[in-house]
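Chemist: One-letter residues, chain by chain:
4 protein chains.
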Amino acid sequence: MIRFGVIGAGRIGKVHSKTIASNPKAKLAYIADAMPAAAEALAAQYGAKVTSVEDIMKAKDVDAVLIGSPTGFHAEQIQAASNNGKAIMCEKPVSLAVSTIEATLRVVEKNKSTLMIGFNRRFDPNFAELESRIRKGEIGAVEMATIISRDPNPPPAEYVKSSGGIFRDMMIHDVDMARFLVGEEFIVVHALGAALVDKAIGEEGDCDTASVMMQTASGKIAVITNSRRATYGYDQRMEVHGAKGMLSARNIHNTTVELHNAEGTKADPIQNFFLERYGQAYANELNSFIAAVETGNRNPSPSGFDGLQAQKLADAATESWQTGKPVKVA
Amino acid sequence: MIRFGVIGAGRIGKVHSKTIASNPKAKLAYIADAMPAAAEALAAQYGAKVTSVEDIMKAKDVDAVLIGSPTGFHAEQIQAASNNGKAIMCEKPVSLAVSTIEATLRVVEKNKSTLMIGFNRRFDPNFAELESRIRKGEIGAVEMATIISRDPNPPPAEYVKSSGGIFRDMMIHDVDMARFLVGEEFIVVHALGAALVDKAIGEEGDCDTASVMMQTASGKIAVITNSRRATYGYDQRMEVHGAKGMLSARNIHNTTVELHNAEGTKADPIQNFFLERYGQAYANELNSFIAAVETGNRNPSPSGFDGLQAQKLADAATESWQTGKPVKVA
Amino acid sequence: MIRFGVIGAGRIGKVHSKTIASNPKAKLAYIADAMPAAAEALAAQYGAKVTSVEDIMKAKDVDAVLIGSPTGFHAEQIQAASNNGKAIMCEKPVSLAVSTIEATLRVVEKNKSTLMIGFNRRFDPNFAELESRIRKGEIGAVEMATIISRDPNPPPAEYVKSSGGIFRDMMIHDVDMARFLVGEEFIVVHALGAALVDKAIGEEGDCDTASVMMQTASGKIAVITNSRRATYGYDQRMEVHGAKGMLSARNIHNTTVELHNAEGTKADPIQNFFLERYGQAYANELNSFIAAVETGNRNPSPSGFDGLQAQKLADAATESWQTGKPVKVA
Amino acid sequence: MIRFGVIGAGRIGKVHSKTIASNPKAKLAYIADAMPAAAEALAAQYGAKVTSVEDIMKAKDVDAVLIGSPTGFHAEQIQAASNNGKAIMCEKPVSLAVSTIEATLRVVEKNKSTLMIGFNRRFDPNFAELESRIRKGEIGAVEMATIISRDPNPPPAEYVKSSGGIFRDMMIHDVDMARFLVGEEFIVVHALGAALVDKAIGEEGDCDTASVMMQTASGKIAVITNSRRATYGYDQRMEVHGAKGMLSARNIHNTTVELHNAEGTKADPIQNFFLERYGQAYANELNSFIAAVETGNRNPSPSGFDGLQAQKLADAATESWQTGKPVKVA
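Residue numbers (the numbering used here), protein chains in the order written: chain A, 1 to 330; chain B, 1 to 330; chain C, 1 to 330; chain D, 1 to 330.
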């Protein structure tokens, strides 16, 4: 039984709290949030206690800290948890600054802590199966990955301001999946972008429609396209082409019902957002983290290093978009 | 080069004339029709000559007669063509009376003529492939065939009066496919029906919505459902379940284009009627007939016997519907 | 909070216990089973108490009894629970004897108890949506329902002996769905069957491959086909054709991953059996029962009457198969 | 009736000759080829005459010249045909040199000739429908086009040497489709490439795996990916995302037959190459050219200008790949 302290009672904290509460190997012990009312409400729902971040770090009856606080707190909370001997599961990103991530990983390394980063899509049953079958050799050597990822609705322009921009805030998930699927490091990044959905996003210096091409040293290519808005739901597709075939994973409709009439055949809309689409992924992610804690695995998937590499690629994409030039990644 | 005389310049005569005219191994020599203007128009389109049915039968430069006249003339025209040494391709049915079919087949047998019946669906590339893969053993022993067949629009009640009823006029195609797919003779037929689409059809003593179950001596089952009207187009599906798996063939949409928006994912309507849906089937049917003529094959698929058996089953279905009792077929 | 006593700790008792334990409005209070070890194991898993059936019936801290015992006990346990003022959710069938069902429903009626029968498929999100859209008028007047239902593996012939036969044991689910979808009572039943999967099933006087056609007084038709074995998984499909269109619900694959290579495009197998396929259905079923209990709804869906009608139709199908004649249903 | 002189009796010349021969508004009058035997064989098949290129240009009974000769001859043959008052349908590309294309278009402009370039995919019924529905506004303002295009088998490295490279030889079709779908000019091109399929292609200075991102002045993006080899057939897919929805067109399988067994659900391979996949497109292309000739339309789709723009973009992609830098297009 792994006893969790959850930091953050916002949208993602709620997701993780629910997942922890329904996992027979996990116990939701404490919840902390800067807004006490939010922490209280969530704690009451699952029979957990409310306390401060500091107390979670020091609590003897906490084995693992789940960090779902705002991005700006991630690095220091990872370090504090590591220094207090806790295992850590932290939402992406560790930090918007690569140097901060590197400093944090050094602390984690020194303490030999288990740290896992919340790239939840690796745990989607469909994408996990796709990756597993690549690794089994079903399509031979990977040549090209294509990822299409669109959110149903754009965030307010206000949000965008502090988000780090579309490449660091949204595409970083896809960049991680590209690394996961292709299995090699990308060394060059080309990006294009435009504010076609909401001019206000453009006025904040960000874009809402973006594409990235990346290439590895051996020549493998990943192509990612993003939009902040898809009228048809949360578009999450990927395919990987290799020497012996191609593996693809498509969207999931709300139900399997189809209406056939003079207008054609109409399937249901696809699942609308991440709570539905990735509900099972969050549960599997937690299982994977618990297994890492139980076995003392200090290099889970996705690891702190995966978090670092994804951030470097997101930075490179941002720079490429801003400068109009490809950017090399060390 | 097989030289054809076509009898009938109506809807189906036009289909066959076009198919013959574009087949490099066939020549459309003559067309006959009770309405000379129809024959003239069709002949002019393809550079054929108009003549009488009698002259087609006797013409030395005719190798094969394609019979697309009204059902009432089929039997005597088959016999005449057979007696004149022609190969014969005849639209279904040979006759609405089993005894007439039997008499006709005796003539064909005596003259050792090649006779093929126009169950065009056997030549649809999809259904032909499905049958071929059953015969190759892909699904092991056949256990059950399911055929769903719906026309886009009901015929006028006036037409129904002389059609022989839905089982003989429409379902006979599906009954033939059931025999083709299952590969055994059915010995009992259960039918249900109702006039749900058009009351006027019911008033003519026919139904427009019907289902049939048939069983072979070894226990294999076929289930067929029909409607005279499907708002979504010409519904033509079948599947066969066996000991090792199931083979299915679905409908064909007008294009592969799909629209994805807040209402869902909308595919095009399916192909609307037999000219589109079975265009390739008619071309393949002709090739098969030509091959039979060239090789002197007197037992093509579908043969006169296939026509006879389908008619017996359609009669049995009609009787079962009318009496509310299952009917045995010899 | 509805407090449950669960009778039966076998396969279906485990399903319901898990569902009750994870429902925030339900409490799994007691479990009873003729085999104490089974009850103990299940109770330990969810923190429930083990007791006798009699004690469950009398317990003041039990609001509802969930009956998952062998079929032979259902009727008396429903009556006992009803006489003790409990709400009842009972697995299908109430009894293999219509007269016993009728006697049981009279007790339920007299006591004004809430009784719901476990036709879980009504609660599958796909089929529930399909039915809901029929009722909203999306396809106009219903004309024909087609249900294809195949189990992945046949039961041992030993099981078949006491099962009541395929129509009462397996097809009864589909018969209930046909009533649910069509929305009218069927008055005549035609059945065919054969033991094609396992001869031993035939030797027990049952069949493993079956089809049924049923018709309502207004002419609407339902066609159901069953097999006790499908190599490709748990085949659960249905479609309803109406005056304005057709609604269909297809199978669900294990994942959305597809492999494309020289052999074609290969999708995953479909979900293999009812625990996966209907996991959500069981949860929704429980919610629906709880809502009925909370609101005092004595006519939930599916009601005791629904259980009675399905049994009558299953009996009629059995008789039709055995006699080779259609059977009328009052 | 438009009388055609066909130049080139190779693979593409055969396609066009067949299409012309079966079009009721076209007459295949003459065929010319540097290898007289090839011309003779093709001419015999369709009852055409063999003559020289010069004679086709001057023939009074030729209305239109269809140029299917090697790329190096296209420009001069277009000019000769134009100077002789013929309408011209020319396979892509007009020339590998933009300056030569421009010079050729000046001649065509001066003579007011009808010139159409053979980007056959614009006439594929699926892609044509997709484009037509974009223009009707079904998806609102276009934001991003995604084109995936893979050939079944790589050409010999020998061929690659004189092909102009993958961007000019293969991707030029996709570049034209991107312009067609997006409806604006692209002003910047990013390309990546690698020889992952066949090292020998890399040794010839070309690549066999490539991706391109392009952007218009208004910010719209097109992403194209190519491979010279797909084990699963001729992969031809595209989708366009817009403010109100997304339109997609998928691959076409050989038949609709699907096999369901313990391994999953297996659909047929997709159509293997351009003769099958684009057979209808070639027929529609010819109809469109004939309509342009009949109406004197000097700006058909795709026009000489479309050929010029596609070549500029293919050149830019080649340069981007070779230099590792984005390339601007005037």
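These are calculated hints, taken from the structure and not from any lab test. Treat the hints with care, as some may be off.
Since the list gives no way to pick out one identical chain from another, each pair is judged satisfied if it fits inside one copy or across any two copies.
[Unchecked claim] Derived lysine-lysine pairs resembling DSSO-like cross-links, with alpha carbons at most 27 Å apart:
#, residue 1, residue 2
1, K49, K312
2, K49, K328
3, K244, K266
4, K27, K60
5, K136, K27
6, K110, K312
7, K60, K328
8, K161, K60
9, K27, K14
10, K244, K112
11, K112, K161
12, K328, K112
Chemist: Does each hint fit the structure? Answer for all of them.
Modeler: Tested hints:
no., hint, in the structure
1, K49 - K312, "neither (37 Å within a copy, 55 Å between copies)"
2, K49 - K328, "neither (47 Å within a copy, 60 Å between copies)"
3, K244 - K266, "between (34 Å within a copy, 14 Å between copies)"
4, K27 - K60, "within (14 Å within a copy, 32 Å between copies)"
5, K136 - K27, "neither (35 Å within a copy, 44 Å between copies)"
6, K110 - K312, "within (22 Å within a copy, 55 Å between copies)"
7, K60 - K328, "neither (45 Å within a copy, 61 Å between copies)"
8, K161 - K60, "neither (39 Å within a copy, 59 Å between copies)"
9, K27 - K14, "both (15 Å within a copy, 23 Å between copies)"
10, K244 - K112, "neither (40 Å within a copy, 50 Å between copies)"
11, K112 - K161, "neither (35 Å within a copy, 55 Å between copies)"
12, K328 - K112, "neither (31 Å within a copy, 50 Å between copies)"
This entry does not satisfy hints 1, 2, 5, 7, 8, 10, 11, 12, going by the numbered hints stated previously.
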